[in-house]
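Residues per chain, in single letters:
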Amino acid sequence: MNQTQSLSAGQPSFLELSMPRYGMVIDLKRCYGCYACVMACKVKNHTPPGVFWSRILKGEAGTYPNVVRQALPVLCMQCDEPSCMEVCPTGATVKLDNGIVIVEKDKCMGCKYCMMACPYGARYSVDKWESYFPDGLELSPYEEFAKQAWEERSGIGVATKCDFCRDRIAEGRDPACVEACPANARTFGDLDDPESEVSILIKKYRGEVLNPEFGNKPKVYYLAPR
Amino acid sequence: MNPKVNGQLQSDWGWPIAVYLFLGGIGGGAYTIAAVNWFVGETVSASTAVGLWIGFPALLIGSIFLLADLGSPTRAVLAGMKPSTSWIARGFWIISAFMALALLHLILHTFADIGRTEGGRMILGVVGAAGIVCAVGTMAYTGILLGASKGIPFWRTGAVPVVFVISALVTGHFTIMLIALFYPGVTVEAIQAMSLEAAALVVLEVLAILFFLQAAFKAPDPRESALRILRRRSFVIGYFILGLAVPFVAMLIAYRSTTATGLGGYVILIAGGASLGLVGGLILRQSVLVCGALPTLNIAGFEFRRIARPKDPKPSIGLLPPH
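These protein sequence lines map, in sequence, to chains A and B. So the first sequence is residues 1 to 226, counted in our numbering. So the second sequence is residues 1 to 323, counted in our numbering.
In short, the hints are calculated from the structure, not lab data. No experiment lies behind these values; they were computed from the predicted model shown. Glycine is no exception: its CB is placed at the ideal position from the N, C-alpha and C atoms. Hints may contain errors.
[Stated by the list, open to error] For the chain B half of the interface with chain A, some residues (derived, Cβ under 7 Å), not all of them:
#: 1; residue: I61
#: 2; residue: A89
#: 3; residue: F240
#: 4; residue: N298
[Unchecked claim] Negatives, chain B to chain A, calculated, CB over 10 Å:
#: 5; residue: F65
#: 6; residue: L108
#: 7; residue: G137
#: 8; residue: L227
#: 9; residue: F302
[Unchecked claim] In silico lysine to any residue, SDA-like type, Cα no more than 20 Å apart, as pairs:
#: 10; chain 1: A; residue 1: K128; chain 2: B; residue 2: K314
#: 11; chain 1: A; residue 1: K107; chain 2: B; residue 2: G71
#: 12; chain 1: B; residue 1: K314; chain 2: A; residue 2: S131
#: 13; chain 1: A; residue 1: K44; chain 2: A; residue 2: Q148
#: 14; chain 1: A; residue 1: K58; chain 2: B; residue 2: L297
#: 15; chain 1: B; residue 1: K218; chain 2: B; residue 2: T296
#: 16; chain 1: A; residue 1: K44; chain 2: A; residue 2: R168
#: 17; chain 1: A; residue 1: K58; chain 2: B; residue 2: L9
#: 18; chain 1: A; residue 1: K128; chain 2: B; residue 2: P73
#: 19; chain 1: B; residue 1: K218; chain 2: B; residue 2: R228
#: 20; chain 1: A; residue 1: K128; chain 2: B; residue 2: K218
#: 21; chain 1: A; residue 1: K107; chain 2: B; residue 2: A76
#: 22; chain 1: A; residue 1: K95; chain 2: B; residue 2: S84
#: 23; chain 1: A; residue 1: K42; chain 2: A; residue 2: K147
#: 24; chain 1: B; residue 1: K218; chain 2: A; residue 2: N211
#: 25; chain 1: A; residue 1: K29; chain 2: B; residue 2: F304
Only chain A is shown next, with the shape it has when bound in the complex:
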């Protein structure tokens, strides 16, 4: 059921007025590629080796000798028209009313079709929770906790992805990557609220999305580096 539908024609419902549509703005002029967001995500979400819900890509522009190198933080774009949700055969991928796209792990059969459908490469699936340390060692208490937390929250053999740290959002906090960014390059908020910082930044600095030609309508915006 779409909870944001009007309860009476012509009158916006309470839910319409109050339900945010979460998005993020990343200022590429500020990002210097320190990987703090990557590490914060790993610590917060206990992701096993090889799984990066938050990543940094490095790119170049220009021609020699005028070449610039730029860091690009990427995460799940929480698309308004997510291709992962479209291809999911079981209905395990759903978009919440606040715009966050999640995987209901108990419905996912692990076909990995969503991973092929996501042009941003934001999805991962692991067959087992692996330790970062050499095989043969016992798991440390922290690893035992992380393994259990991962299995309970994300699961083994199913698709996993960033969900904007929705448990933190429920507590009124920003996602871990936003909080950890030392350069304040990331801003999180309600895209539907014209007074929110994200809306103002997008409007003022002409925020762009990655590869709009994909047609997914991402909700992560970038402010150009130059």
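Assemble the complex: chain A is given as a structure, and chain B must be docked to it using the hints.
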């Protein structure tokens, strides 16, 4: 090393999915050829009799490979929940319908032998027509499944379904020929007719694969995958030479040979050519899968290519300092 051919490739769909697509193609292709031959007058009776035996088991075995690749196979029953948008869900229903019809056709045609009466032939006609529709759907599905994957530009050129449908017919035909060699009562003339059909289908597949590759070369991301696939020895030698060229020549020789030598003279030629063609069909699907490169991300004039990097090995326990 060419800097444009170092992008990250998808690694989540590998051999099991390739086998699934391959067997799905064989099942659909063999059944289509068998049923169409039955409709046009059963001039090649061995083709119909053998082909009907292939559809159902090929799909059944293929489905086992798909199940084996699932992260949570116990939830496979949910696979058909969203046919409105998902091609896996649509495929679930298409393949289920095809398997049911292929099995029914086999039972009615072979075991019940209802084709002797007018009414029986009408029933077989209805089942066969519906079966052909589902078989074509199954063959096309194996390509459309990839074509609908927005994350892999190489698969989205529109040519993959065409290539896979033709390859399905070729591999289905080769499978029929392989088994028909041992079918009681098969004649040299029937084998020769099948050889000519196979050679014609191989020519079609060559045209389709060339169309696919030239379409891929038109854009940077698919071009990288096309370069990758052309650099694979298994693709060039295993598929193009041994899987297409050699079977084509073998089929032509079989067709042009004199019938004086009898059926025995054809066995090595047909069995060798058809077997190589089948291996080629599997290599084609595996190569298309593993050469799927992730798209380049762009913003504000910057290109962010996802570069393939080897996975860091875990440190050895022997290198750890003593407690």
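How the hints compare with the structure:
1. I61: violated, 18 Å
2. A89: For A89/B, the interface hint holds, since the closest Cβ of chain A sits about 4 Å away, which is under 7 Å.
3. F240: Status violated, d = 25 Å.
4. N298: holds, 6 Å
5. F65: holds, 13 Å
6. L108: Holds, since 31 Å exceeds 10 Å.
7. G137: Correct as stated: the minimum Cβ-Cβ distance to chain A is 16 Å, above 10 Å.
8. L227: holds, 20 Å
9. F302: Not fine: 4 Å to the nearest Cβ puts F302/B too close to chain A.
10. K128/A <-> K314/B: Satisfied, since the Cα-Cα distance of roughly 15 Å is no more than 20 Å.
11. K107/A <-> G71/B: holds, 12 Å
12. K314/B <-> S131/A: Holds, at about 9 Å.
13. K44/A <-> Q148/A: This hinted pair holds, its Cα atoms lying about 13 Å apart.
14. K58/A <-> L297/B: holds, 11 Å
15. K218/B <-> T296/B: holds, 15 Å
16. K44/A <-> R168/A: holds, 10 Å
17. K58/A <-> L9/B: The hint holds at about 17 Å.
18. K128/A <-> P73/B: Roughly 15 Å separates the two Cα atoms, so the pair holds.
19. K218/B <-> R228/B: Status holds; Cα separation ~15 Å.
20. K128/A <-> K218/B: violated, 40 Å
21. K107/A <-> A76/B: Holds. K107/A to A76/B sits at ~10 Å (cutoff 20 Å).
22. K95/A <-> S84/B: With a Cα-Cα distance of about 17 Å, the restraint between K95/A and S84/B holds, given a limit of 20 Å.
23. K42/A <-> K147/A: holds, 12 Å
24. K218/B <-> N211/A: holds, 18 Å
25. K29/A <-> F304/B: Satisfied, since the Cα-Cα distance of roughly 16 Å is no more than 20 Å.
The earlier numbered hints that this structure contradicts are 1, 3, 9, 20.
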